[in-house]
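Engineer: UniProt numbering numbers the first residue of the sequence shown as 1 and each following residue consecutively.
One or more hints might be untrue.
Pairwise CB distance ranges, derived in the manner of DEER restraints [as the list claims (entries may be wrong)]:
#, residue 1, residue 2, range
1, GLY94, ALA125, 49 to 59 Å
2, ARG109, TYR155, 29 to 39 Å
3, ASN195, LYS47, 41 to 51 Å
4, ASN145, ASP113, 15 to 25 Å
5, ALA117, GLY199, 36 to 46 Å
6, ALA152, LEU79, 40 to 50 Å
7, LYS134, ASN195, 33 to 43 Å
8, LYS35, LEU85, 42 to 52 Å
9, LYS61, LYS128, 34 to 44 Å
10, LYS96, GLY120, 11 to 21 Å
Below, simulated BS3-like cross-link-like pairs (lysine-lysine); rule was C-alpha separation at most 30 Å, straight line [as the list claims (entries may be wrong)]:
#, residue 1, residue 2
11, LYS34, LYS47
12, LYS156, LYS20
13, LYS134, LYS220
14, LYS93, LYS134
15, LYS34, LYS93
16, LYS128, LYS61
17, LYS220, LYS93
18, LYS93, LYS176
19, LYS35, LYS220
20, LYS96, LYS48
21, LYS61, LYS48
22, LYS47, LYS20
23, LYS20, LYS34
24, LYS34, LYS96
25, LYS23, LYS34
26, LYS176, LYS20
27, LYS156, LYS134
28, LYS35, LYS20
29, LYS34, LYS220
30, LYS47, LYS134
31, LYS220, LYS156
32, LYS35, LYS93
33, LYS34, LYS128
34, LYS176, LYS61
35, LYS47, LYS35
36, LYS61, LYS220
37, LYS156, LYS128
38, LYS220, LYS96
39, LYS20, LYS220
40, LYS35, LYS96
Calculated from the structure, these hints are not laboratory results. Remember, predicted model here, so these are calculated numbers, not experimental data. Note that the Cβ used here is the ideal one computed from N, Cα and C, for glycine as well.
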Amino acid sequence: MIWRLLFMLLFFPLAIQAQKTIKWNGLQLNAIDKKGRKQGDWLFFDKKGNALMQCQFQNDKVVGPRVFFNEGDTVLVRLTPTDSLEHFIFYHKGEKISGAFVQNEDRFRIELDHIPAGFGSAELAELKRWYAVKIEPVYMFATQNLIDYFSAAYYKANAIPNWNHTFVVTINASGKVTHVECPSRDELWTENLENEVFGMFYNMGRWQPFFDTWETRDIKITMSLGADLQTITSR
Numbered sequence: 001m002i003w004r005l006l007f008m009l010l011f012f013p014l015a016i017q018a019q020k021t022i023k024w025n026g027l028q029l030n031a032i033d034k035k036g037r038k039q040g041d042w043l044f045f046d047k048k049g050n051a052l053m054q055c056q057f058q059n060d061k062v063v064g065p066r067v068f069f070n071e072g073d074t075v076l077v078r079l080t081p082t083d084s085l086e087h088f089i090f091y092h093k094g095e096k097i098s099g100a101f102v103q104n105e106d107r108f109r110i111e112l113d114h115i116p117a118g119f120g121s122a123e124l125a126e127l128k129r130w131y132a133v134k135i136e137p138v139y140m141f142a143t144q145n146l147i148d149y150f151s152a153a154y155y156k157a158n159a160i161p162n163w164n165h166t167f168v169v170t171i172n173a174s175g176k177v178t179h180v181e182c183p184s185r186d187e188l189w190t191e192n193l194e195n196e197v198f199g200m201f202y203n204m205g206r207w208q209p210f211f212d213t214w215e216t217r218d219i220k221i222t223m224s225l226g227a228d229l230q231t232i233t234s235r
């Protein structure tokens with residue numbers, strides 16, 4: 001269970017509290033240090049706020065296993081790869097199945113120490129899906145709503161008109177907005193408006209960074225934003 005795996009967090013040094021963290025169920029998680037590097041235990045979520053994966057970072061690098069969850073239960077533990085092998089433990093109907101993902105050049109296969117009763121093509125397909133899973137960026141790790149942030153930012157703004165625009169936002173590997181582009185600008189676009197709008201993005205709280213295989217990566221998302229505060233993000 002998630003709580004069992006995160007129990008150790010309660011005993012982390014108090015120094016981590018001084019770092020930039022995300023608060024989730026009373027725990028301070030997903031810390032970055034003063035250099036913007038990911039440190040300690042991290043949780044990644046889906047858009048509904050369900051925990052998907054837990055891992056530990058040291059100076060931006062994943063150390064130790066990655067643990068994947070399904071509705072709060074552990075479904076897969078993936079160990080650090082060695083050469084072409086990545087060992088794992090897959091939980092199937094309460095039974096632990098040890099195995100390995102094997103990648104040799106362009107060939108991929110899954111090896112299991114045993115095939116339990118009821119384990120068929122559907123279960124194998126699920127295991128392949130977990131292997132290929134990529135975790136998308138989510139604002140504030142799904143602990144806060146994007147619409148709430150922009151609602152407050154609009155309320156404080158002075159120069160934002162009643163219009164719709166599309167922005168391309170770059171989120172770096174630690175979840176910070178580092179670049180904003182507005183591909184199309186109309187006659188209402190002014191220097192003051194640009195400062196107001198771009199400031200909204202650059203002052204946002206951290207996003208959940210895009211996680212791909214064994215590391216987080218920079219990513220660009222497209223966001224359509226209008227005065228009605230309806231927001232759409234996509235890859």
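Engineer: Look at each hint and say if it fits the structure.
Structural biologist: Quick rundown of the hints versus the structure:
Here the CB-CB span from GLY94 to ALA125 is close to 20 Å, at odds with the stated 49 to 59 Å. In this structure the supplied range 29 to 39 Å is violated for ARG109 paired with TYR155, their Cβ-Cβ distance being about 55 Å. The supplied range of 41 to 51 Å is broken by ASN195 and LYS47, whose beta-carbon atoms lie about 30 Å from each other. Remark: the range hint 15 to 25 Å for ASN145 to ASP113 is contradicted by a beta-carbon distance near 44 Å.
ALA117 and GLY199 have their C-beta atoms about 59 Å apart, which leaves the hinted 36 to 46 Å range violated. At about 43 Å, the CB distance of ALA152 to LEU79 agrees with the hint of 40 to 50 Å. Between LYS134 and ASN195 the beta carbons are some 34 Å apart, a value that agrees with the proposed interval 33 to 43 Å. A hinted range of 42 to 52 Å for the beta carbons of LYS35 and LEU85 is inconsistent with their spacing of about 33 Å.
Between LYS61 and LYS128 the beta carbons are some 26 Å apart, a value that contradicts the proposed interval 34 to 44 Å. Taking the beta carbon of each, LYS96 and GLY120 are about 18 Å apart, inside 11 to 21 Å as hinted. As the CA atoms of LYS34 and LYS47 are separated by approximately 27 Å, the hinted pair is consistent with the 30 Å bound. About 25 Å separates the Cα atoms of LYS156 and LYS20, which keeps this hinted pair within 30 Å; it holds.
A hinted pair counts as satisfied when its Cα atoms are at most 30 Å apart, and LYS134 with LYS220 qualifies at roughly 15 Å. Between LYS93 and LYS134, the direct Cα distance comes to roughly 24 Å. Compliance with the 30 Å bound is thereby established for this hinted pair. Taking the CA atoms of LYS34 and LYS93, the gap is about 43 Å. The hint is violated against a cut of 30 Å. Restraint check for LYS128 and LYS61: satisfied, since their Cα atoms lie roughly 24 Å apart, inside the 30 Å limit.
At most 30 Å may separate the alpha-carbon atoms for a hinted pair to count; LYS220 and LYS93 exceed this at roughly 38 Å. At most 30 Å may separate the alpha-carbon atoms for a hinted pair to count; LYS93 and LYS176 exceed this at roughly 39 Å. This hinted pair checks out: LYS35 and LYS220 have alpha carbons roughly 22 Å apart, not beyond 30 Å. For the hint linking LYS96 to LYS48, the alpha-carbon distance of about 28 Å falls within 30 Å, and the restraint holds.
Restraint check: the Cα-Cα separation between LYS61 and LYS48 comes to about 26 Å, which is no more than 30 Å; the hinted pair holds. With a CA separation close to 21 Å, the supplied pair LYS47 and LYS20 stays within the 30 Å bound. At most 30 Å may separate the alpha-carbon atoms for a hinted pair to count; LYS20 and LYS34 meet this at roughly 8 Å. A C-alpha spacing of about 40 Å is found between LYS34 and LYS96, which places the hinted pair above 30 Å, so the restraint is violated.
For a cut-off of 30 Å, the pair hint linking LYS23 to LYS34 stands: about 18 Å separates their Cα positions. Note on LYS176 and LYS20: the hinted pairing holds, with a Cα-Cα distance of about 12 Å set against a maximum of 30 Å. Proposed proximity of LYS156 and LYS134 is contradicted: the alpha carbons are some 36 Å apart, above 30 Å. Of the supplied pair hints, the one linking LYS35 and LYS20 holds, its CA atoms being roughly 11 Å apart against a limit of 30 Å.
Proposed proximity of LYS34 and LYS220 is supported: the alpha carbons are some 24 Å apart, at most 30 Å. With a CA separation close to 13 Å, the supplied pair LYS47 and LYS134 stays within the 30 Å bound. Taking the CA atoms of LYS220 and LYS156, the gap is near 26 Å; set against the 30 Å cutoff, the hint holds. Proximity of LYS35 to LYS93 is assessed by CA-CA distance (about 43 Å); at most 30 Å being required, the pair is judged violated.
For the given pair, LYS34 sits about 37 Å from LYS128 by alpha-carbon distance, which is inconsistent with the 30 Å threshold. Among the hinted pairs, LYS176 with LYS61 is consistent with the structure: their alpha-carbon atoms are about 17 Å apart, no more than 30 Å. Restraint check for LYS47 and LYS35: satisfied, since their Cα atoms lie roughly 27 Å apart, inside the 30 Å limit. A C-alpha spacing of about 21 Å is found between LYS61 and LYS220, which places the hinted pair at or below 30 Å, so the restraint holds.
Between the alpha carbons of LYS156 and LYS128 the distance comes to roughly 47 Å, so the proposed pair goes past 30 Å and is violated. With a C-alpha separation of about 38 Å, the suggested pairing of LYS220 with LYS96 is violated against the 30 Å cut-off. As the CA atoms of LYS20 and LYS220 are separated by approximately 23 Å, the hinted pair is consistent with the 30 Å bound. Our distance criterion of 30 Å between C-alpha atoms is broken by LYS35 and LYS96, whose separation comes to about 39 Å.
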